[in-house]
Amino acid sequence: MDLGQPQGISLSNTESIPGKRIVDFYGVVTGNTVRAKHIGRDIMAGLKNVVGGELKGYTELLQDSRTEATERMVAQAKSVGANAVVNVRFATSSISQGAAELFAYGTAVRVE
Amino acid sequence: MLELELFLNFGVPLLILLLAYFLGSYIERRHFRKIRERESALHGYPIMTFEDTPDTWRVGSSTLVSGSVVVSLDYFKRVIAGLRASVGGRIKTYEPLLDRARREALLRMAESAKGSGYDAVVNVRLETSRLANSRGNGNGTAGVEMLAFGTALKLDRK
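Note that the protein sequences, when read in sequence, are chains A and B.
In terms of our numbering, the first sequence opens at residue 41 and continues consecutively.
In terms of our numbering, the second sequence opens at residue 50 and continues consecutively.
Hints should not be assumed to be uniformly reliable.
[To be verified] Rough simulated footprint, nothing fancy, chain A against chain B, three-plus residues with beta-carbon under 8 Å:
#1 51–65
#2 74–80
#3 194–204
[As the list claims (entries may be wrong)] 27 Å max Cα-Cα, derived BS3-like pairs, lysine-lysine:
#4 Lys96/A <-> Lys83/B
#5 Lys163/B <-> Lys83/B
#6 Lys60/A <-> Lys163/B
#7 Lys96/A <-> Lys60/A
#8 Lys203/B <-> Lys60/A
No lab work stands behind these hints: they were computed from the structure.
What you are looking at is a predicted structure, and each value in this text was computed from that prediction instead of being measured.
Where is the CB? At the ideal position from N, CA and C, for every residue including glycine.
Start from the sequences, fold in the hints, and give me the full structure.
Next comes the structure, spelled out in structure tokens:
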């Protein structure tokens, strides 16, 4: 899944944007989202749990959440005037039963 | 009535256990076969865990790509793993599950990068996270998420 291109900003998990030069730093930008599992998805996943394998509903749920966290990070980067975010990291933490926080963070920079 | 009660108490879980065993191992074998096919289709596509690129490469554009998958163990393997965990040692039933999930996540990332016309993926990172049970007693659905992400590069060609 392409996380960067649709949002009009360069994203990279390397320390610079390959082929470009960093001219200004704006500090750390973050984006998060907390999601709970959908009851319908949970029932399907429960059935799937008997035979094992991929739980597609959860894969999509987490992908959507990660995209949203990235979008929030990008919005923050844009608001400080950056045109790229480098060294992007993702993290997941279980907050309570059935809810998880996904967040993305990176360093907002201006590249040329 | 006694027979019915016996069947409900022991027969049904046993039946589910057997069903899970056969279906689960069939699904696993089929998945491994598909993974090997897709991996050989990607043979020669550069995927690196480091950042440096060869000096001869002229990088045009780049983007962040990711691939992820959530998987769970089948009922049979969970029972076996539970038994195994009580005596300690290597839990073999979990190993192929995590292996195939990780390779699937990597493949999804690489296929999306290749599909969008990128020539390589550098600085690939893999992350594993456990999804919490929906119920506190441990009977709820639980899964493991594998995430692969990296920076996809497009090279300038003369």
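Are Lys96/A and Lys60/A close enough, with their CA atoms no more than 27 Å apart? violated (37 Å)
Pairwise hint evaluation, Lys83/B against Lys163/B, where the allowed Cα distance is 27 Å at most: It holds: about 18 Å lies between the C-alpha atoms, which stays within 27 Å.
With a cut-off of 8 Å between beta carbons, are at least three residues of the stretch 74–80 of chain B near chain A? holds (count 3)
Is the listed coverage of the stretch 51–65 of chain B by chain A valid when you require three or more residues with a beta carbon under 8 Å from a beta carbon of that chain? That given contact is violated, which follows from only 1 residues of the stretch 51–65 of chain B lying within Cβ reach (below 8 Å) of chain A.
Tell me if the straight-line CA distance from Lys60/A to Lys163/B falls inside 27 Å. holds (22 Å)
Is it true that the CA of Lys96/A sits at most 27 Å from the CA of Lys83/B? holds (17 Å)
Are the Cα atoms of Lys203/B and Lys60/A separated by 27 Å or less? holds (13 Å)
Test coverage of the stretch 194–204 of chain B by chain A using CB-CB distances below 8 Å; three residues minimum. Contact hint for the stretch 194–204 of chain B vs chain A: holds, 7 residues under 8 Å.
Figure legend: structure checked against the earlier numbered hints; hints not met, in rising order: 1, 7.
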